[in-house]
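Note that the protein sequences, when read in sequence, are chains A and B. Read in the numbering used here, the first sequence has 36 at position 36, and its numbers run on one by one without any break. Read in the numbering used here, the second sequence has 80 at position 80, and its numbers run on one by one without any break.
In case anyone wonders, no lab produced these hints; they're calculated from the structure. Do not rely on the hints blindly, as some may be mistaken.
Sample of chain B residues facing chain A (criterion: CB under 7 Å; computed from the structure) [to be verified]:
id : residue
1  : Tyr32
2  : Gly43
3  : Pro44
4  : Phe46
5  : Leu49
6  : Asn98
7  : Phe99
8  : Phe101
9  : Pro103
10 : Gly104
Okay, the calculated beta carbon distance ranges per label pair [what the hints assert, rightly or not]:
id : chain 1 : residue 1 : chain 2 : residue 2 : range
11 : A       : Lys9      : B       : Ser8      : 28 to 36 Å
12 : A       : His73     : B       : Val45     : 19 to 27 Å
13 : B       : Pro103    : A       : Glu82     : 17 to 25 Å
14 : B       : Arg51     : A       : Ser86     : 31 to 39 Å
15 : A       : Thr13     : B       : Asp67     : 40 to 48 Å
16 : A       : Arg63     : B       : Pro103    : 22 to 30 Å
17 : B       : Pro111    : A       : Asn59     : 39 to 47 Å
18 : B       : Leu62     : A       : Gly16     : 44 to 52 Å
Pairs of lysine-lysine, DSSO-like flavour, derived with a Cα cap of 27 Å [stated by the list, open to error]:
id : chain 1 : residue 1 : chain 2 : residue 2
19 : B       : Lys17     : B       : Lys55
20 : B       : Lys59     : B       : Lys17
21 : B       : Lys71     : A       : Lys57
22 : B       : Lys57     : B       : Lys3
23 : B       : Lys17     : B       : Lys71
24 : A       : Lys57     : B       : Lys3
Glycine included, C-beta positions come from ideal geometry on N, C-alpha and C.
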Amino acid sequence: DSGVTQTPKHLITATGQRVTLRCSPRSGDLSVYWYQQSLDQGLQFLIQYYNGEERAKGNILERFSAQQFPDLHSELNLSSLELGDSALYFCASSEPREGLTASGANVLTFGAGSRLTVL
Amino acid sequence: SQKIEQNSEALNIQEGKTATLTCNYTNYSPAYLQWYRQDPGRGPVFLLLIRENEKEKRKERLKVTFDTTLKQSLFHITASQPADSATYLCALDNYGQNFVFGPGTRLSVLP
Numbered sequence: 001d002s003g004v005t006q007t008p009k010h011l012i013t014a015t016g017q018r019v020t021l022r023c024s025p026r027s028g029d030l031s032v033y034w035y036q037q038s039l040d041q042g043l044q045f046l047i048q049y050y051n052g053e054e055r056a057k058g059n060i061l062e063r064f065s066a067q068q069f070p071d072l073h074s075e076l077n078l079s080s081l082e083l084g085d086s087a088l089y090f091c092a093s094s095e096p097r098e099g100l101t102a103s104g105a106n107v108l109t110f111g112a113g114s115r116l117t118v119l
Numbered sequence: 001s002q003k004i005e006q007n008s009e010a011l012n013i014q015e016g017k018t019a020t021l022t023c024n025y026t027n028y029s030p031a032y033l034q035w036y037r038q039d040p041g042r043g044p045v046f047l048l049l050i051r052e053n054e055k056e057k058r059k060e061r062l063k064v065t066f067d068t069t070l071k072q073s074l075f076h077i078t079a080s081q082p083a084d085s086a087t088y089l090c091a092l093d094n095y096g097q098n099f100v101f102g103p104g105t106r107l108s109v110l111p
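Let the sequences and hints guide you as you build the complete structure.
Written out as structure tokens, the structure reads:
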């Protein structure tokens with residue numbers, strides 16, 4: 001158990017629908033990252049939040065949005081779903097409140113992922 | 001344009017041999033580079049990181065080198081075991097903004 005919790009583990013839905021993926025970061029971590037991993041594309045960075053504020057944005061579609069709440073959990077909302085949105089969505093956390101790791105650098109701790117299937 | 005490449009999509013080696021994986025990047029200036037292991041259907045797990053001013057880092061059977069002139073990192077697993085079979089990803093910090101991952105190399109260690 002990495003300490004990063006993602007729900008749901010699996011989700012099957014239809015085109016045009018909207019889903020919400022949830023992530024609870026490792027205790028004490030302030031940053032949350034969202035990545036999409038489909039079969040033909042590796043891990044694609046979507047968006048990062050730090051202590052409730054958006055910090056960096058990758059190739060996130062306009063149909064997708066995210067937020068980080070005061071308790072630091074994050075949600076990724078995917079709307080008007082298309083077949084091509086079927087993928088594994090990973091959340092990762094980093095930047096512990098008490099300071100960086102012994103290596104002095106940020107490392108990512110990933111959750112187990114949410115597998116989204118759009119039919 | 002910015003790019004991260006890993007030497008091959010798949011690599012097969014015999015148990016006991018040394019596996020060498022390559023990560024090359026273009027148009028990035030990472031302060032450090034990281035290697036992760038990913039098993040099928042699971043999230044990546046951090047293995048090692050190396051800073052731009054370090055040439056080599058070791059951890060048990062793992063060794064990473066980093067050449068900022070060549071813009072390349074090599075990841076070695078010595079005395080490989082079937083349990084080392086997984087996909088290995090390199091990742092760069094993107095100017096401190098986020099982490100960008102390479103496409104990964106799927107390593108199979110054959111008994």
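To see whether the hints hold, each was checked on the structure:
Checking tyrosine 32(B) against chain A by beta carbon gives a least distance of about 5 Å; that is within 7 Å, so the hint holds. Restraint check, glycine 43(B) versus chain A: the minimum CB separation of about 3 Å is within 7 Å; hint holds. Residue-level restraint check for proline 44(B) holds (minimum Cβ-Cβ distance to chain A is 5 Å; threshold 7 Å). This hint holds: phenylalanine 46(B) has a C-beta 5 Å from the nearest C-beta of chain A, less than the 7 Å allowed.
Residue-level restraint check for leucine 49(B) holds (minimum Cβ-Cβ distance to chain A is 6 Å; threshold 7 Å). About 4 Å separates the beta-carbon of asparagine 98(B) from the nearest beta-carbon of chain A, less than 7 Å, and the hint is met. For phenylalanine 99(B), the suggested interface contact is upheld, since its CB lies about 6 Å from the closest CB of chain A, less than 7 Å. Taken as an interface hint, phenylalanine 101(B) checks out: its beta carbon lies about 4 Å from the nearest beta carbon of chain A, inside 7 Å.
Taking 7 Å as the C-beta cut-off, the interface hint given for proline 103(B) holds, the closest approach to chain A being about 4 Å. Hint status for glycine 104(B) relative to chain A: holds, with the closest Cβ pair at about 6 Å, below 7 Å. At roughly 31 Å, the beta carbons of lysine 9(A) and serine 8(B) sit within the given window of 28 to 36 Å. A C-beta distance of roughly 22 Å is found between histidine 73(A) and valine 45(B), which places it inside the suggested range of 19 to 27 Å.
The beta-carbon spacing between proline 103(B) and glutamate 82(A), approximately 23 Å, falls within the hinted interval of 17 to 25 Å. Separation of arginine 51(B) from serine 86(A) is about 38 Å and conforms to the stated range, judged on CB atoms against 31 to 39 Å. Between threonine 13(A) and aspartate 67(B), the C-beta spacing of about 46 Å keeps the proposed range 40 to 48 Å intact. Checking the proposed 22 to 30 Å range against arginine 63(A) and proline 103(B) shows it holds: the Cβ atoms sit about 25 Å from each other.
A hinted range of 39 to 47 Å for the beta carbons of proline 111(B) and asparagine 59(A) is consistent with their spacing of about 40 Å. Roughly 46 Å separates the CB atoms of leucine 62(B) and glycine 16(A), a value that falls within the hinted 44 to 52 Å. About 23 Å separates the Cα atoms of lysine 17(B) and lysine 55(B), which keeps this hinted pair within 27 Å; it holds. As the CA atoms of lysine 59(B) and lysine 17(B) are separated by approximately 17 Å, the hinted pair is consistent with the 27 Å bound.
As the CA atoms of lysine 71(B) and lysine 57(A) are separated by approximately 25 Å, the hinted pair is consistent with the 27 Å bound. For a cut-off of 27 Å, the pair hint linking lysine 57(B) to lysine 3(B) stands: about 24 Å separates their Cα positions. Restraint check for lysine 17(B) and lysine 71(B): the C-alpha separation of about 26 Å stays at or below 27 Å, so the hint holds. With a CA separation close to 17 Å, the supplied pair lysine 57(A) and lysine 3(B) stays within the 27 Å bound.
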